[in-house]
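Engineer: Sequence:
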Amino acid sequence: MSSSQLFKGIPVLDWIVRSTLGTQNQRMVKRYLKQVDLVNRQEDRMRALTDPQLMAMTDEFRARITKGEKPFDLRPEIFAVAREAMDRSVGIRNIFNPALPEDQRFDPERLPAAARALYEDARARIAATPAAEPTGAFRGCTEPTPSWMFVDLDPALYQAVRDLYPESRPPFRARPFDVQIIGGVVLSEGQIAEMKTGEGKTIVGPLACYLASLEKMQVHVVTVNDYLVQRDRDWTFPFFRALGLAVGAIHPMHMQSHEGKREAYACDVVYGTTAEFGFDYL
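Reading the sequence shown from the start, the letters are residues 303 to 584 in my numbering.
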């Protein structure tokens, strides 16, 4: 029994305990903020990694867990890797996204000379690279993936874009905020993270999914309808691919072939509705 429980109901002693130790919620928030601080301390190290090095962290984490390290102890590094992958793949890569509205497209003229050279080099490599077929880390895709989504970029180019757009806002930034890191940590502990509309559930969920996948578990993400299943799968796909993971989506029979569903279930992470997961299980 905790001290706060022991003195609960005794007004004076209860007040003293709360004043000294804080409420249970305050203590919980303080613990999570310590986790966020540890994640933030890893940020510079993760930003210096190349795209292949960042992806290789997945195998490194799995190897360390297999050798006996506890996922709980690795969480600061794991969430730092996930944050960096999210910012790069879902945010910064949009500097090459041809589908953006004309008034939102990136202007490379704003880059300093050195970063502009890196941009032009990347653009040339993207143009010379064919789209990727839906196999391997691209499994779960329903069509070829354009090369701008996966050609390796230089860490210095990522940083140059961050310098231009220091705030995490779409389309060119997707760095999870500290409160979203807390949400991911809460979910990773098997608890419920209550979030309002617009607070970033689509970002928070994949953070916890990544940690679970490192323990070699297939992860099922449940949402409310088939539209959101596909939308969220497609939105988070670049994040999971950047970490070497495949993500699929399951749908009812009239929307998806048996083979398509089998491919989805072969992925590391699977999006679906409660009804569809339940129907398939039965």
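Source of the hints: derived by calculation from the structure; they are not laboratory data. Heads up, a few of these hints could be off.
Derived CB-CB ranges, DEER-like [said to hold, decoys possible]:
1) Lys369 / Arg407: 17 to 27 angstroms
2) Glu561 / Ala426: 47 to 57 angstroms
3) Pro446 / Leu335: 20 to 30 angstroms
4) Arg471 / Leu340: 20 to 30 angstroms
5) Glu561 / Gln328: 30 to 40 angstroms
6) Gly500 / Leu335: 16 to 26 angstroms
Subject to a maximum C-alpha distance of 16 angstroms in a straight line, what follows is the list of computed EDC-like cross-link-like pairs (lysine to aspartate or glutamate) [said to hold, decoys possible]:
7) Lys372 / Glu491
8) Lys372 / Asp536
9) Lys518 / Asp528
10) Lys369 / Glu517
11) Lys518 / Asp339
12) Lys503 / Asp454
13) Lys332 / Asp480
14) Lys518 / Glu422
Idealized CB from N, CA, C, for every residue including glycine.
Engineer: For every hint, state whether the structure bears it out.
Structural biologist: Structure-based check of all given hints:
1. Lys369 / Arg407: 17 to 27 angstroms: 46 angstroms, violated
2. Glu561 / Ala426: 47 to 57 angstroms: 37 angstroms, violated
3. Pro446 / Leu335: 20 to 30 angstroms: Violated, at about 43 angstroms.
4. Arg471 / Leu340: 20 to 30 angstroms: This hint holds: roughly 25 angstroms between Cβ atoms.
5. Glu561 / Gln328: 30 to 40 angstroms: 52 angstroms, violated
6. Gly500 / Leu335: 16 to 26 angstroms: Holds: the Cβ-Cβ distance is about 22 angstroms, inside 16 to 26 angstroms.
7. Lys372 / Glu491: 13 angstroms, holds
8. Lys372 / Asp536: Distance ~31 angstroms between Lys372 and Asp536 Cα, so the pair is violated.
9. Lys518 / Asp528: 26 angstroms, violated
10. Lys369 / Glu517: Measuring from Cα to Cα gives roughly 12 angstroms; hence the hint holds.
11. Lys518 / Asp339: Cα-Cα ~27 angstroms, so violated.
12. Lys503 / Asp454: 28 angstroms, violated
13. Lys332 / Asp480: 13 angstroms, holds
14. Lys518 / Glu422: 39 angstroms, violated
Of the numbered hints stated above, those contradicted by the structure are hints 1, 2, 3, 5, 8, 9, 11, 12, 14, listed in ascending order.
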